[in-house]
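Chemist: So you can see what is in the structure, the chains are spelled out below.
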Amino acid sequence: MLALFYIFIAVALGVSFWQITRVMNLRGVIANDKDNNTQGKIALGFLVFLYAMMIYCLIALNVLMLPESASIEGEHDDNLFSITFWLIGVVQFAMQFLIFYFSYKYRGNKNNKALFYADSHKLELLWTSIPAVTIVILIGYGLWAWNNIMYVGDDENPIVIEVYSQQFRWDARYAGSDNELGLGNVNYIKGINTMGVDMSDINSQDDKQVTELHLPKGKKILFKFRSQDVLHSAYMPHFRAQMNCVPGMVTQFAFTPKFTTEEMRNQSEVIEKTKGINKIRQAKGEDPYVFDYLLLCNKICGASHYNMQMKIVVEDEADYKKWLAEQKTLAQVIK
Amino acid sequence: MSDHHHKETFVTKYIFSTDHKMISKQFLITGMFMGIIGVFMSMLFRLQLAWPETSFSIVEAFLGHHQTDGIMDPDMYLALVTIHGTIMVFFVLTAGLSGTFSNLLIPLQIGARDMASGFMNMISYWLFFLSSIIMVISLFVEAGPASAGWTIYPPLSALPQAIPGSGAGMTLWLVSMAIFVASSLIGSLNYIVTVLNLRTKGMKMTRLPLTMWAFFITAIIGVISFPVLLSAALLLIFDRSFGTSFYLSDIFISGEVLHYQGGSPVLFEHLFWFLGHPEVYIILLPALGLTSEVISTNARKPIFGYRAMIGSIIAIAFLSTIVWGHHMFVTGMNPFLGSVFTFTTVLIAIPSAVKAFNYITTLWKGNLQMNPAMLFSIGLVSTFVTGGLTGLVLGDSALDINVHDTYFVVAHFHLVMGVSALFGMFAGVYHWFPKMYGTMMNKVMGYWHFWITIIAAYGVFFPMHFIGLAGLPRRYYTNTNFPMFDDLADINVFMTVMAIIGGLAQLIFLANFFISIYRGEKSSQNPWRSNTLEWTTPVEHIHGNWPGAIPEVHRWAYDYSKVWDDENHPQFGEYVHGQDFVLQTTPLKDGEEPS
Chain A
70 MLALFYIFIA VALGVSFWQI TRVMNLRGVI ANDKDNNTQG KIALGFLVFL
120 YAMMIYCLIA LNVLMLPESA SIEGEHDDNL FSITFWLIGV VQFAMQFLIF
170 YFSYKYRGNK NNKALFYADS HKLELLWTSI PAVTIVILIG YGLWAWNNIM
220 YVGDDENPIV IEVYSQQFRW DARYAGSDNE LGLGNVNYIK GINTMGVDMS
270 DINSQDDKQV TELHLPKGKK ILFKFRSQDV LHSAYMPHFR AQMNCVPGMV
320 TQFAFTPKFT TEEMRNQSEV IEKTKGINKI RQAKGEDPYV FDYLLLCNKI
370 CGASHYNMQM KIVVEDEADY KKWLAEQKTL AQVIK
Chain U
-19 MSDHHHKETF VTKYIFSTDH KMISKQFLIT GMFMGIIGVF MSMLFRLQLA
31 WPETSFSIVE AFLGHHQTDG IMDPDMYLAL VTIHGTIMVF FVLTAGLSGT
81 FSNLLIPLQI GARDMASGFM NMISYWLFFL SSIIMVISLF VEAGPASAGW
131 TIYPPLSALP QAIPGSGAGM TLWLVSMAIF VASSLIGSLN YIVTVLNLRT
181 KGMKMTRLPL TMWAFFITAI IGVISFPVLL SAALLLIFDR SFGTSFYLSD
231 IFISGEVLHY QGGSPVLFEH LFWFLGHPEV YIILLPALGL TSEVISTNAR
281 KPIFGYRAMI GSIIAIAFLS TIVWGHHMFV TGMNPFLGSV FTFTTVLIAI
331 PSAVKAFNYI TTLWKGNLQM NPAMLFSIGL VSTFVTGGLT GLVLGDSALD
381 INVHDTYFVV AHFHLVMGVS ALFGMFAGVY HWFPKMYGTM MNKVMGYWHF
431 WITIIAAYGV FFPMHFIGLA GLPRRYYTNT NFPMFDDLAD INVFMTVMAI
481 IGGLAQLIFL ANFFISIYRG EKSSQNPWRS NTLEWTTPVE HIHGNWPGAI
531 PEVHRWAYDY SKVWDDENHP QFGEYVHGQD FVLQTTPLKD GEEPS
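Those sequence lines, one after another, are chains A and U.
Count the first sequence with the working numbering and you get residues 70 to 404, in order.
Count the second sequence with the working numbering and you get residues -19 to 575, in order.
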């Protein structure tokens, strides 16, 4: 690969210098009919290149995309995205055609006369109102989806989990049997109380601190985010979930996991993507990859920003309860 | 007029000049110099992204103690992306683009002898120069330059404990930007006053070329929004140096609790993006303005929908000041605000669509003169559409949740404001080069420059959307720690190769530019057969622009290919003035309808 790259560079450099020495002898400065003709045709050629590249990307890179949303709320996101993507795809193909086809079709010639055409209220009304109507529909659907995702009703009784960030790791705290998180503040950070939990708060006693997220399938989870130093962002791409962690305030995001980790591994999209990844890893002599949900940091936070991750396991409720029961409460850990 | 100007020395002519034409050249050359630094940095971090564990002698040569055996340190990677962003956004595409062409064209196109205040104009350039110098110096401080991203969100940018670049490097960054804002404000005020007060006789606002409208409105947005960045920077300086807590609260770092209480980083985000978003249009509108002029001239057609174009510029400018929250959908801001900002943001698509359609209609049935400037303008419309469309994804809060801060965003803004604005700038340089230097640039090199650049630009930024959709966050030093991104490695290599080809293609431009200054073919007075006033001035620069009286304007700027359209007219179908362009200074003929 590297050799190919150097060859590329050498060729590019060579061509540039050859051109520079060659064209400095030509003193042409203003396009004549011959240039118009050539450049118009190149514009058409570029249109073909652009179409080929767009189609190639849409087909060949599709396998790299994230699989279907693993949260119920994320379905809104997926639907809205498909609609938007189709819409902008069609508009993109049409507009690029017009731009480069017109550049070719109307390339200059001294025997031609341009059409003096300065205004048309009808046309302008048309292309103001069509985007306007389309956009109002998109906004309508978007806002409906946004409200569905962002507002958590009181009657939903979500499981409360705190996600805690610091340079450069994630921790999580489960609210325990009372489903209420004890208060936390950086002033309480001491020794093994790394999340700064106020142990005098009665709600803190049954809280459980862990380094791996386990979520029950089909239950709504309400995440509360805190950060102890700089901004971080808890990004869970498979669930279409993201929220910044802001020092000095608590932020939140909620979703309902739809597939267990195991179910996700058996999904055709995931199987295909995993296969592709493992082919590459095998060639490099690395261990095979197995799909897991991940939480990534997605806000620049310092040198190891690129390596701040936490594994998420989605499992059936019974397994989840069993796992949670095995975790020690803070009262047991912090004496 | 010009003969009673006093004799000029070398210093007053070339260095502390108050002549807008000289100042515009100073802006351009400084902007180009900064551009070379900015682009070179992107080459370095593209190498890192494509081949993360590979040693490069070029990295070893340039990064000093910020690399080990030719592999850059993670801190330095962040510093490079930070400074690349800062330089390209502010120093190249704000000062280099707007500073150059506002200065050159405003007096020439409205028919003025110079800017309203030549002295303030000179101060504006020298403050910009000073801020460039400070930014360049910040690259050499021991702990490295600012590395909290070009958005410098605190607390990362406030705490040297969090990242070494937030020490002296960040201080210099803030000082440099404060001076930059001062420069920009002085310049903008001058532009506004000049356009409002110094138009020549007959140059009504509705006869201004669209370039002038774009610069005028840009200056207004700048005056509204840049002071807010200045205050954001000042408060950050207070937090960093004087112990205040505007942005900081409840921080535990390096084993101790800091004293900050009650501040909020979200406040900084609001202040920053109150400039940050209008800034996009401060960059883009001048590029669109230049393009309007270049497309119309080279299509030999009036720009389609002149009044609609002005309307969309004003609409975009107005909306641009009430959409900043779309950068903050997932910052913990109240979701209701998210709804409001989604609404205002997506509305911008309407005036933008109008502009794109109007450009395309201007091409329709034209007689396109494919000069390099024209190609870059066509390229601008293309990348503006490609990049603008994905704005519909990002502006929609529900969709933004999942693509926020991924490479999808990087691809979007590079196409819509980076590449588009650069194309606008190149179009401007190729088109007005004869006005600046009295010589012409070589067209064949221009063609090579354009086609390599546009292929490389699409090659870098089109596939980038897809690695964003695969969930890859931006500003990652490497993605090798995530097996789920292993299959993106080939695309990363492809993008880097394209980026390097694109970067090298700029050498063609630089060669063409500098050789043409000295050896280029002498320009005629109106080489592109254009209508606007700047082409009525002599090729050799003189103080005061016109040797005699300032010409009077009798028509708008777009009477290209105007023919007698009344079937009963004896000359039906022939050019009204015998040629396919009519200078704005030409009076109406008997029976000619004003356009």
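It is worth saying that the hints were derived from the structure and are not from the lab.
These numbers were taken from a predicted model, which means no experiment stands behind them.
All residues carry an ideal CB built from backbone N, CA and C; glycine is no exception.
Be a bit skeptical, because a hint or two may be false.
Using C-beta positions, here's what the derived DEER-type ranges look like [as the list claims (entries may be wrong)]:
id, chain 1, residue 1, chain 2, residue 2, range
1, A, L156, U, E(-12), 18 to 28 Å
2, A, G114, U, I497, 28 to 38 Å
3, A, G83, U, Y498, 17 to 27 Å
4, A, W392, U, G235, 25 to 35 Å
5, A, K179, U, L214, 57 to 67 Å
DSS-like, lysine-lysine: derived pairs with alpha carbons at most 27 Å apart [as the list claims (entries may be wrong)]:
id, chain 1, residue 1, chain 2, residue 2
6, A, K110, U, K345
7, A, K191, A, K174
8, U, K345, A, K191
9, A, K380, A, K391
10, U, K5, A, K182
11, A, K182, U, K569
12, A, K103, U, K502
13, U, K415, U, K(-7)
14, U, K5, U, K415
15, U, K502, U, K1
16, A, K344, A, K293
17, U, K502, A, K179
18, U, K(-7), A, K174
19, U, K184, A, K103
20, A, K179, A, K103
21, A, K289, A, K391
22, U, K569, A, K103
23, U, K1, A, K179
24, U, K415, U, K1
25, U, K1, U, K184
26, A, K397, A, K259
27, A, K380, A, K390
28, A, K179, U, K415
29, U, K345, A, K179
30, A, K259, A, K327
31, U, K345, U, K502
32, A, K288, A, K182
33, U, K(-7), U, K502
34, A, K191, A, K103
35, A, K293, A, K390
36, A, K174, A, K110
37, A, K191, A, K286
38, A, K110, A, K191
Chemist: Does each hint fit the structure? Answer for all of them.
Modeler: Tested hints:
no.	hint	verdict
1	L156/A to E(-12)/U: 18 to 28 Å	violated, 59 Å
2	G114/A to I497/U: 28 to 38 Å	holds, 32 Å
3	G83/A to Y498/U: 17 to 27 Å	holds, 25 Å
4	W392/A to G235/U: 25 to 35 Å	holds, 32 Å
5	K179/A to L214/U: 57 to 67 Å	holds, 59 Å
6	K110/A to K345/U	holds, 16 Å
7	K191/A to K174/A	holds, 24 Å
8	K345/U to K191/A	holds, 18 Å
9	K380/A to K391/A	holds, 18 Å
10	K5/U to K182/A	violated, 36 Å
11	K182/A to K569/U	holds, 21 Å
12	K103/A to K502/U	holds, 22 Å
13	K415/U to K(-7)/U	holds, 17 Å
14	K5/U to K415/U	holds, 11 Å
15	K502/U to K1/U	holds, 18 Å
16	K344/A to K293/A	violated, 35 Å
17	K502/U to K179/A	holds, 23 Å
18	K(-7)/U to K174/A	violated, 47 Å
19	K184/U to K103/A	violated, 39 Å
20	K179/A to K103/A	holds, 11 Å
21	K289/A to K391/A	holds, 18 Å
22	K569/U to K103/A	violated, 35 Å
23	K1/U to K179/A	violated, 34 Å
24	K415/U to K1/U	holds, 9 Å
25	K1/U to K184/U	holds, 23 Å
26	K397/A to K259/A	holds, 18 Å
27	K380/A to K390/A	holds, 18 Å
28	K179/A to K415/U	holds, 25 Å
29	K345/U to K179/A	holds, 14 Å
30	K259/A to K327/A	violated, 38 Å
31	K345/U to K502/U	violated, 32 Å
32	K288/A to K182/A	violated, 69 Å
33	K(-7)/U to K502/U	holds, 22 Å
34	K191/A to K103/A	violated, 37 Å
35	K293/A to K390/A	holds, 20 Å
36	K174/A to K110/A	holds, 9 Å
37	K191/A to K286/A	violated, 55 Å
38	K110/A to K191/A	violated, 32 Å
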